[in-house]
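Here is how the chains run, residue by residue.
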Amino acid sequence: MTLDKLLSFDWGMMAPEFSIVITAILLSLIDLFMPNKVSRKPLALLGLAGIIVAIVFAVLQVGDPVGSILFDTYRFDSFALAFKLLFLVATAMIFLLALDFEGESKWAYRGEFYYLLMTALLGAMMMASSADLITLFVGLELLSISSYILAGIRKRNFHSNEAAFKYVVNGGIATAITLFGMSYIYGLTGQTNLYAISEMLVDPRVQENSFLVIMAFVMMFVGLSFKISAAPFHMWAPDVYQGSPTPVTTFLSVVSKMAGFTLILRLFFVIFLGTQGWHNQILLDAQPFIAFVAGATMVIGNVVALRQRNIKRMFAYSSIAHAGYVLVPFVSLSLIVFKTTWFYLLAYLLMNIGAFAVIQFVTSREKSEDFTAFSGLNKRAPLTAFMMAIFIISLAGLPFTAGFIGKFGIFMSSLGTGHYILASVMIATTVVSYVYYFNVMVQIYFRKGAGNRIRPTAGLAVVMVICTIGTLLFGIYPSLALDFFQSGFDINDLFTPSE
Amino acid sequence: MESILLSALVFSPLVGILVLAFMPNTEERLLKTVGLLATLLPLAFAIITYVGFTPGNVNIQFVEQYRWIDFQIKGLPNGGDFTINYDLGVNGLTVVLLLLTAIVSTLAAAASVWIKEHWKGYFMLFLLLEIGMLGVFASQNLLLFFIFFEITLIPTFFLIGKWGYIDKEKAAYSFLVYNGLGSAILLIVFIILYMKTGTMNYTGLSSFLHQPPEVLEQMYIGDEFRFGLLIALLVALGVKLPIVPLHTWMLKVHVQAPPSIVMIHSGILLKIGAYGVYQFGIGFFPEEFRQIAFWIALLGVINLLYGAFIAFVQVDFKRVLAYSSVSHMGIVLIGLASLNGAGMQGAMFQVVSHGLISALLFFLVGLIYERTGTSLITHLGGMAKVMPITAGFLLVGGLASLGLPGMSGFVSEFMAFLGLFKEMPVLAAVGTLGIILTAVYILRAVLGMTFGETKESLLQLKEPRFVEWLPALILTALIVLIGVYPAVLSDILQLTINAMMAGKGAVV
Chain A
9 MTLDKLLSFD
19 WGMMAPEFSI
29 VITAILLSLI
39 DLFMPNKVSR
49 KPLALLGLAG
59 IIVAIVFAVL
69 QVGDPVGSIL
79 FDTYRFDSFA
89 LAFKLLFLVA
99 TAMIFLLALD
109 FEGESKWAYR
119 GEFYYLLMTA
129 LLGAMMMASS
139 ADLITLFVGL
149 ELLSISSYIL
159 AGIRKRNFHS
169 NEAAFKYVVN
179 GGIATAITLF
189 GMSYIYGLTG
199 QTNLYAISEM
209 LVDPRVQENS
219 FLVIMAFVMM
229 FVGLSFKISA
239 APFHMWAPDV
249 YQGSPTPVTT
259 FLSVVSKMAG
269 FTLILRLFFV
279 IFLGTQGWHN
289 QILLDAQPFI
299 AFVAGATMVI
309 GNVVALRQRN
319 IKRMFAYSSI
329 AHAGYVLVPF
339 VSLSLIVFKT
349 TWFYLLAYLL
359 MNIGAFAVIQ
369 FVTSREKSED
379 FTAFSGLNKR
389 APLTAFMMAI
399 FIISLAGLPF
409 TAGFIGKFGI
419 FMSSLGTGHY
429 ILASVMIATT
439 VVSYVYYFNV
449 MVQIYFRKGA
459 GNRIRPTAGL
469 AVVMVICTIG
479 TLLFGIYPSL
489 ALDFFQSGFD
499 INDLFTPSE
Chain B
55 MESILLSALV
65 FSPLVGILVL
75 AFMPNTEERL
85 LKTVGLLATL
95 LPLAFAIITY
105 VGFTPGNVNI
115 QFVEQYRWID
125 FQIKGLPNGG
135 DFTINYDLGV
145 NGLTVVLLLL
155 TAIVSTLAAA
165 ASVWIKEHWK
175 GYFMLFLLLE
185 IGMLGVFASQ
195 NLLLFFIFFE
205 ITLIPTFFLI
215 GKWGYIDKEK
225 AAYSFLVYNG
235 LGSAILLIVF
245 IILYMKTGTM
255 NYTGLSSFLH
265 QPPEVLEQMY
275 IGDEFRFGLL
285 IALLVALGVK
295 LPIVPLHTWM
305 LKVHVQAPPS
315 IVMIHSGILL
325 KIGAYGVYQF
335 GIGFFPEEFR
345 QIAFWIALLG
355 VINLLYGAFI
365 AFVQVDFKRV
375 LAYSSVSHMG
385 IVLIGLASLN
395 GAGMQGAMFQ
405 VVSHGLISAL
415 LFFLVGLIYE
425 RTGTSLITHL
435 GGMAKVMPIT
445 AGFLLVGGLA
455 SLGLPGMSGF
465 VSEFMAFLGL
475 FKEMPVLAAV
485 GTLGIILTAV
495 YILRAVLGMT
505 FGETKESLLQ
515 LKEPRFVEWL
525 PALILTALIV
535 LIGVYPAVLS
545 DILQLTINAM
555 MAGKGAVV
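Protein chains in written order, with the numbering used here: chain A, 9 to 507; chain B, 55 to 562.
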């Protein structure tokens, strides 16, 4: 590739990614040259600033036509942008959480912590934008490897080490399986570009070997199920969530999971739906399989959460359950899946980050991760307790919160296409989830707790307030988000290969 | 003609919530006063709505409709259907229920003087509960109904679990899980209806579903499908109503919740189930409902007799009243299942009348419990000597409950059975046994408490002051008013029910 050709691409489209890359490099350099004893706190603010710049660039891109660079390996369409915005907003809030976390413990390597979050974010953004198996895989690995280190960043903490080790082993296996699945696709079609693959799949020679395509589908799906912690590939999640520092747990449960969903949507819809339309045999064959995974995820997540006493483990299982909910519209294979999934992930982002902010606040003040740490929170921090109640109500999917509208959208897409059993499983497990969610409420409001009034730091308070407002606002007037999605994002973008 | 009267009515308790939010936690008298005053605002709006309602007009009145949620997808050829409106309105039935809700809420707020702690949180949740109840009756669309329906769930959970008696948390969880399951089924039915018909508006749905079966068949809404939906609806609402055997949660709530909340619960929340069966069951699936009417009437008779039999052996007055509620809800089912003018009116009368009567009786339970610390019948013998007025009210409530002529209970039972005798005489004859049993268990309980030798523990009791039994007086007055002059209700209910009977629902 000549330099001229390289420069001829419209690199301006990558402005959000570049902001992240440059901030990450800056952070690592500053960290390198900073004296050891100096607080790394300003670095978090710098990282936050970088993300905000990226958000501004991304917002400016809303409504732009589809574009691509590097021979259509990296695409800029409304689908990618919609999810990138979610990643950026979520990571910005996680930086605020990290800011508070630093003050709590004396762990070293804080500089690494910030720029690894940046590279992980970059990986997620690449996953959203890739239109080629290779870039896609690079994004996936960038996100995964950064997360492995983040999980183990408390070097002298036993749980943190356990978390990192389990994560790296399980994650490695899952990535290998995904890659193996991709190799089948490449072997069959000779292409790595998603659109080219999609066109090749209708080729009679490939059709003759459709069982191999199914194998490839299953393997890629299994590998990615790990990323979104869907059952039965969820085993790592509770241990890793428990052992990681809370901001990292939040990142894994929100950004990493959302990136997994983005990848699944892009990969399977473009490859299998792109040229073959609705009656694609492979997707139809795969439906029961995905439905089973979704159902099992919801049941296992919600039922096992009932028995958890460690609050982070409880929320790990809760986030497994939510992965199951988000898989439900995917089974229904209607185009409404993009809007419902996007809205659900938006709601999930707000309520889950909010809840983890409160968890971080309470567990660090109480020096305990048992769920009784929440007892009497209403007396010690009434406002925080109230906000936690909103997050819990939203997670449980009760009305006037974003979580309810999100669930409603999912029900619409599954019941509208006749998936009554799956919808029933979802709603039954939702009722089960009331019990453990309300257990936390009972601790907060009914139990007497010892201790004085406690106050969250500014960073935590900002995150909690933003999440509360968002959860309520999108619950009462969801059109705000839905219309934004509607106006900026044309679903046909996804299926039109750029020239 | 857009008016915001209904929105103002439904959300008026918010004013109280906001005021309470900025008040100190410790000022008991002040908090109770503000809590009580806050319920007067929705009461005033409910009265304005009631007065402004034109009884001679079949249409839904005070309609409010705005575009609210939009799930449509850009770039999809058929993506324009998924719009949901914010949709309020009242008909002859719901305007009455709104007024009932506001009245019972105010009186229950008055009964909240017996709450011992955390008054601020209590009244904020109480008012939130009122928003939910008012919203349920003012909604003209399934999603809104469901949202308000669920809104009642959260505050009730807390009100039972925090301010109830010894076994309160178990009762609260039992309430949460049963009602959660019920509303889960309800949500599935609602969304299926929405996805099949493309509308959530009651009127739109009624007219859609009243198309000839052949037309519906083509839209994949066949006979069996409709039956399935109706049965699911009945199960979901049967939890709320409650229909035996889905009633166990409700007994726990009646016994464990504080009396003021039971007034609301038994007076209003149970009625949501009855209203739902009427509005959705009969309104959307009249033909199917007619075909299973016998079974519904049978369930009604079972409710009636089962509740009455079990009430007969209870030693705790609260449990007597709980089973009595089960029994009385049977009469609602009987009236609805008769599917004729008299029966339906009987059912609706019963909804209102039992709302008032059970509120009165639970108010008295609170009054007595506050003084004696017990509600066991055997511990309360001879109360009439020391508290004659309270005992008098208790007798009045009991007599109203067993359907003495001249009280509201008589009108409703009479009409419900009149309706059923026309359609299913044998079943009705069996059901009338329930009336006798009711008389027996009510009189046994009330006489056991009021007459006989006065227990020593009761001797130093004093009659409550006038302000304390004022709520009882108001409720009694309303009960007698409906009893001697049923036209206050029937005039306003008549047209709505006729419209429903004509199979058209109401037209906007």
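I should point out that these hints are in silico values taken from the structure, not numbers from a laboratory.
In this text, a Cβ means the ideal position worked out from N, Cα and C, and glycines have one as well.
One thing to keep in mind: the hints can contain errors.
As a list, the in silico BS3-like pairs of lysine-lysine whose alpha-carbon atoms are at most 25 angstroms apart [claimed, not checked]:
1. K456(A) / K375(A)
2. K456(A) / K170(B)
3. K375(A) / K49(A)
4. K216(B) / K456(A)
5. K174(B) / K250(B)
6. K86(B) / K456(A)
7. K250(B) / K86(B)
8. K387(A) / K224(B)
9. K387(A) / K86(B)
10. K174(B) / K456(A)
11. K163(A) / K49(A)
12. K216(B) / K174(B)
13. K456(A) / K163(A)
14. K387(A) / K216(B)
15. K456(A) / K509(B)
16. K170(B) / K250(B)
17. K439(B) / K170(B)
18. K174(B) / K387(A)
19. K170(B) / K387(A)
20. K86(B) / K174(B)
Examples of chain B residues toward chain A, derived with CB under 7 angstroms [unchecked claim]:
21. I58
22. L59
23. D124
24. I205
25. L230
26. I242
27. I245
Worksheet item: Regarding the pair K170(B) and K387(A), is the alpha-carbon distance no greater than 25 angstroms?
Response: The given pair, whose Cα atoms are some 17 angstroms apart, holds under the 25 angstroms limit.
Worksheet item: Straight-line Cα separation of K216(B) and K456(A) no greater than 25 angstroms?
Response: Since the Cα atoms of K216(B) and K456(A) sit roughly 12 angstroms apart, the hinted pair holds (cutoff 25 angstroms).
Worksheet entry | Pairwise hint evaluation, K86(B) against K387(A), where the allowed Cα distance is 25 angstroms at most | holds, 21 angstroms
Discussion item. Given the hinted pair K456(A) and K163(A), is their Cα-Cα distance within 25 angstroms?
Written reply: violated, 36 angstroms
Fill in: Hinted pair K456(A) and K509(B), Cα distance within 25 angstroms
Cα-Cα ~38 angstroms, so violated.
Discussion item. What's the verdict on K174(B) and K387(A), does the C-alpha distance respect the 25 angstroms limit or exceed it?
Written reply: Given that 25 angstroms is the threshold and the Cα spacing comes to 13 angstroms, the pair holds.
Worksheet item: Does the alpha-carbon distance linking K216(B) and K174(B) stay inside the 25 angstroms limit?
Response: holds, 13 angstroms
Discussion item. Check the hint pairing K174(B) with K250(B) against an upper bound of 25 angstroms on the C-alpha distance.
Written reply: violated, 45 angstroms
Worksheet item: Under the criterion of a CB-CB separation shorter than 7 angstroms, is L59(B) in contact with chain A as hinted?
Response: For L59(B), the interface hint is violated, since the closest Cβ of chain A sits about 20 angstroms away, which is over 7 angstroms.
Item to complete: Using 7 angstroms as the Cβ threshold, decide whether D124(B) counts as touching chain A.
Response: holds, 5 angstroms
Worksheet item: Is the Cα-Cα distance between K86(B) and K456(A) 25 angstroms or less?
Response: The hint holds at about 24 angstroms.
Fill in: Minimum beta-carbon distance criterion (7 angstroms), L230(B) to chain A
holds, 6 angstroms
Checked against the numbered hints above, the structure violates hints 5, 7, 13, 15, 16, 17, 21 and 22; every other hint is satisfied.
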